[in-house]
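Colleague: For what it's worth, full-length UniProt numbering labels the leading residue of the sequence shown as 1, then goes sequentially.
Note that these hints are calculated values from the structure, not bench results. Quick caveat: nothing in here was measured; it's all calculated off a predicted structure. Beta carbons: idealized from backbone N, C-alpha and C, even for Gly. Be aware that a few hints might be false.
[Stated by the list, open to error] Pairwise CB distance ranges, derived in the manner of DEER restraints:
| no. | residue 1 | residue 2 | range |
| --- | --- | --- | --- |
| 1 | His128 | Glu232 | 43 to 51 angstroms |
| 2 | Ser152 | Arg28 | 18 to 26 angstroms |
| 3 | Val8 | Gly125 | 15 to 23 angstroms |
| 4 | Gly171 | Leu90 | 32 to 40 angstroms |
| 5 | Gly233 | Arg145 | 38 to 46 angstroms |
| 6 | Arg28 | Gly233 | 40 to 48 angstroms |
| 7 | Gln103 | Tyr81 | 22 to 30 angstroms |
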Amino acid sequence: MDEHLSSVRPPRIELRGVCKHFGRAATRVDALVDITLTVHAGEMVGLRGPSGCGKSTLLNVIGCVTEPSGGWMRLDGEPVYENRFLRRDLRRLRLTRIGFIFQTHNLLPFLTATENVAEAMELAGTGHANARKRAEALLDYFDMRQVHAYPSELSGGMAQRVAIARAIANGPHIILADEPTAPLDSVRADGVMNLLERIAKDQLAAVLVVTHDESIFHRFDRLIAMRDGRIEGEELPGHPALTSSMTGLGRDAS
């Protein structure tokens, strides 16, 4: 992202000194170590690194699924896990501020495309009629015509398109995507990246994507490298070469 733009657009994701460990004493595993990260509105950031380096744990912490062991975090300017932050507050954040996209679409097989998207809004308190109307509008926004089809009747690319519509149904300012292009061919993967770019631009969302797909690295405003639970460096993918700290990283096994 342009330095001037990052100075005028609000930070959506802010982490300072965030750590996460599992177990105690001899069995302790440090999954995240001193993570400091900011992602601004309208910015699309890639996260890469070898399997087990902490990428998914970081997404889970930002997504309020896993509580950090230390440090502080703000989402959309709101402190999280501070001042007796309650479980219901985490649920509210997950439903209204954060959209999740995964490798597999995770659509409910007994609901149509429209119903899958509408359900996300109904869980957040939107009335049935309004949820269905907005679901249809979102699917139209993504040029999705098979609105009455069930997941089993959709191609992988179309199902992922519905999953993305569901992820932004409640107007979240933060999109967390874990290998969203992994199961897709290059054409459909490119289509998914186009949609994510569109969301970042049109919705001014902060989009954070875990990926090992080198063919999409150039699509990010920044590419962040992780190893052993730490951020090792970052690069602007449009520049000729990645830094040495990044080129030494292995590809994900999964």
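Colleague: Each hint needs a verdict: does it hold in this structure or not?
Modeller: Hints and how they fare:
1. Between His128 and Glu232 the CB atoms are about 48 angstroms apart, so this pair conforms to the stated range of 43 to 51 angstroms.
2. Taken as a hint, the range 18 to 26 angstroms is violated for the pair Ser152 and Arg28, whose Cβ atoms sit roughly 44 angstroms apart.
3. Between Val8 and Gly125 the C-beta distance comes to about 32 angstroms, which lies outside the given range of 15 to 23 angstroms.
4. Roughly 18 angstroms separates the CB atoms of Gly171 and Leu90, a value that falls outside the hinted 32 to 40 angstroms.
5. About 43 angstroms separates the C-beta atoms of Gly233 and Arg145, a value consistent with the hinted range of 38 to 46 angstroms.
6. For Arg28 paired with Gly233, a C-beta distance near 26 angstroms fails the hint of 40 to 48 angstroms.
7. Separated by about 27 angstroms at the C-beta atoms, Gln103 and Tyr81 satisfy the suggested range of 22 to 30 angstroms.
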